[in-house]
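Undergrad: Chain by chain, the residues:
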Amino acid sequence: MGDYNPTVIRQIERVPKEVVEAFRDLSTPNVSDALERNRINGVMEGIKAMVQGVKMVGPAITVRYVPLSPAEQGTKEDIGDYLFEIAQPGDVIVIDNGGVTTYTCWGDILTFTAIKLGIAGTVIDGVFRDYDNILKMKYPIFAKGTLPRTGKDRLQIDGINVPVEVGGILVRPGDLIIGDDTGVLRVPKERAQEVLKDAKEVEEAERMIIESVKSGLTLREARQRYRYFQLQRAKT
Amino acid sequence: MGDYNPTVIRQIERVPKEVVEAFRDLSTPNVSDALERNRINGVMEGIKAMVQGVKMVGPAITVRYVPLSPAEQGTKEDIGDYLFEIAQPGDVIVIDNGGVTTYTCWGDILTFTAIKLGIAGTVIDGVFRDYDNILKMKYPIFAKGTLPRTGKDRLQIDGINVPVEVGGILVRPGDLIIGDDTGVLRVPKERAQEVLKDAKEVEEAERMIIESVKSGLTLREARQRYRYFQLQRAKT
Amino acid sequence: MGDYNPTVIRQIERVPKEVVEAFRDLSTPNVSDALERNRINGVMEGIKAMVQGVKMVGPAITVRYVPLSPAEQGTKEDIGDYLFEIAQPGDVIVIDNGGVTTYTCWGDILTFTAIKLGIAGTVIDGVFRDYDNILKMKYPIFAKGTLPRTGKDRLQIDGINVPVEVGGILVRPGDLIIGDDTGVLRVPKERAQEVLKDAKEVEEAERMIIESVKSGLTLREARQRYRYFQLQRAKT
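Just so you know, the protein sequences line up as chains A, B and C, in that order. Residues 6 to 241 (this note's numbering) make up the first sequence, in order. Residues 6 to 241 (this note's numbering) make up the second sequence, in order. Residues 6 to 241 (this note's numbering) make up the third sequence, in order.
The following block holds chain A by itself, in its conformation from the complex (with noise of 0.2 Å):
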C-alpha cells in the first residue's frame, strides 16, 4: 500500500470578487480575445458545456485526481468530500482527471451539495455521471462526455489547490474561470484586471459593429470604424 499524502492547500489568493463579478457580461470569445492582446493562452480545448444556456464565471479551487493501483484499492474513502470544507461560494471548481473517459469522478451528490454551498459550476478534462439530474439542475458543467462508470476504488486525490492542467490549459488555484456555451478559459488571477479591459474593449467594438450594421453600413465598413482588427492583436 503505498504512501497516501494528498497535497491539500486551505487559503488560496483569489482574483477579487469585483472582477468576476465585471466578466459576468463578456463571453468567452470576448475574453479570449483580450487574451491574445495580451499574449496569453486560456482556451481549453476538448472541454465542452454539457448544459447548454447556462454561464459560469469565477475563481479556481483545483483539484488533481490520479489513478489508484490495484493494490490500493478499498484502502480509500475519499474521493475529495473536503473539497466543499475549502471552497467558497462563487468558486468554480476545476478537476484534471488526466483526460480520463473510462471512469467518472463527478456526479449528482456532488453537484447536489456544490449547488447548497453556492459554486459557480465545474470544469473536468475527464467525464461524469447522473446527466439526467445536473441537466434538471441547470448547473454549468464542462467535460469531455458522460459514463454510468463510479471513479471510486479508481482514482485518489493528488493535490486539491495545486496547479493543474485542464484541456492543455495550466490552472492555478485562484485563477479565473470563464464558460459559456462556446467553451471555457482561464485568466491568470494576476493579469485580470488588464484582461478585463480589454475584454470590455472588444466587447464595446462588437456591440458597436452590429449596430452599425443594422442601421446600413456593410461589415467591412463597420469593422473598420470600429478598428476591430487592431482590438485583437496582441499589444506591442
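Derived by calculation from the structure, the hints in this document are not laboratory data. Heads up, some of the hints might be wrong.
Unchecked claim - No more than 20 Å apart at the CA atoms, straight line, and that leaves these computed lysine to any residue pairs for SDA-like:
id	chain 1	residue 1	chain 2	residue 2
1	C	Lys-141	B	Asp-137
2	B	Lys-121	C	Arg-212
3	A	Lys-219	C	Arg-230
4	C	Lys-219	B	Lys-219
5	B	Lys-219	A	Asp-86
6	A	Lys-143	B	Gly-58
7	B	Lys-60	A	Val-56
8	A	Lys-149	B	Glu-50
9	C	Lys-53	B	Thr-106
10	A	Lys-53	B	Gly-51
11	B	Lys-219	B	Asp-203
12	B	Lys-141	C	Glu-208
13	A	Lys-205	C	Asp-137
14	A	Lys-219	C	Glu-208
15	C	Lys-205	B	Asn-138
16	B	Lys-53	A	Ile-45
17	A	Lys-121	A	Gly-95
With chain A held as given, fit chains B and C onto it using these hints.
TA: Frame of chain A, contents of chains B and C only:
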C-alpha cells in the same frame, strides 16, 4: 455470390417482466455501481443518448450486421424487417454494426414500426438517420451519431438473437439493457435479481445522503453514515 | 511577407430557385438515397448540425481559408467581409477551413450579418464561436464544434467561389447544399433536377410505407409493395 444463411433465433429467454419493471426507477450509475459490487462489467463506451430526457429499460433483442461485399450488392432485400416478427413489446433492439460510422442501420420507418409494436428503444454500435423525426417521436435511441447515408446494399444480417458486442460489451439475447442521459449498460439476465437488490441499496443510500446534506450534515459525514463506499465495493 | 492574391469569383451559376424550393420538403436521407441511385457521393462526414430543429437548403457560396504564416500576421485585415457583397439571399456559405479545430472562422457578427442578408445557413469544415448567440438566433449552422479562440491573424482567404472540400466532399460554387438534424450533403448543380425527381420518389414511397404499416401491413409487406429497395439502388 456468397451464401446467405443468417442465424435467426426466434425464441429467447428474457429477464422476467417484474424484474425489468423494478429497474425502471434506477439510474445507469446506480446499476453500474451494483454491477461493480458483483464484479460484472456492463457499461458501454462510446454510445451516447441521442434523445435527451428519456429512459429505456428492457430485455435485448440482438442484431448483428456485417458488410455486404460489392459482388453481393443488389442480391439482398432484407435488412431485418422480420426482426419485428421476433421482437415483443418492451424489448430493446441492440444492433452490432461493428462501430461503422460511414453508413446507417436505423431510421424513421424502423422507429415508427418499433413504436407501433411497443419496442422500448434501440442501441446501435454505429449511426442512424432521420434524426429530426426520431427527436420528434422522443424515441429512446443510443448510438455513436447520425449520418444521411443508407446502409442498404452495404450491410447484411449475420444473425438475430446471437451474442453481439456493442460499445465493448457482450450482449446476449434477453439480457437487460438500461439507458438514460448518462449512457447505456447491460445486466446479464441470470444476474439481474442480485444486481437489482444491490442497485436499490445504492439508490437508497444516495437518496439518504442527499437528505442528510439537506438537513445540515457535511457530505463526508453523510457518506460515512450510509456506508456509501462499502456499497460500491466488490463483494468478497 | 507573401503575396496575397486570393481568387475571388463574383458571378456564379446557381442551381435554379424553383429547384431549390422543390428540395425544401425532402430530408437529407431522401436526397442521399437519390444521390446513390445516380451514383453520386455527396454526404459530408464529421460535420454536425449544431442548432437542432432547423432545415437548410440553398446554392453554395464557397470560401477557402488557409493558415497565415507567423511572418504575415498583422498584415491582413480581411477575413472575407466582402463575402457578403457576393452572396445573395438564399445562398448557403460553405467554408473550407481544412478541418481545423484550434481556431474559429465564424461567429455572431457574421451570423447577424448573414441573417440580415437572408443567407440560408453556414457549413464549416472547422469550428465557430458565439454559440450561445447563434443558438438564440436559430441560425442553421453545421460544423465540427465550437471554441472561443479567434481565427483572426491565423487564417487568410485563399479563394471565394473556388472549388472547396468540406467533410470529404468537393463543393463547387452554385452546388445545392442541404442540411437537417441528420447531417449535411451536396447535390452537384447540373444533376439537381434528376436527383430531385428520384428523391421525391423515395420520399413518396417512404410515406406510403408508413401509411401501410399504420393500416396493418407488416414492414416487410409494405416495403415490397412500394419497391423500397429498388428505389434506393443505383440505376443501371
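Undergrad: Go through the numbered hints given earlier and state which of them the structure violates, listing their numbers in rising order.
TA: 3, 4, 11, 14, 16
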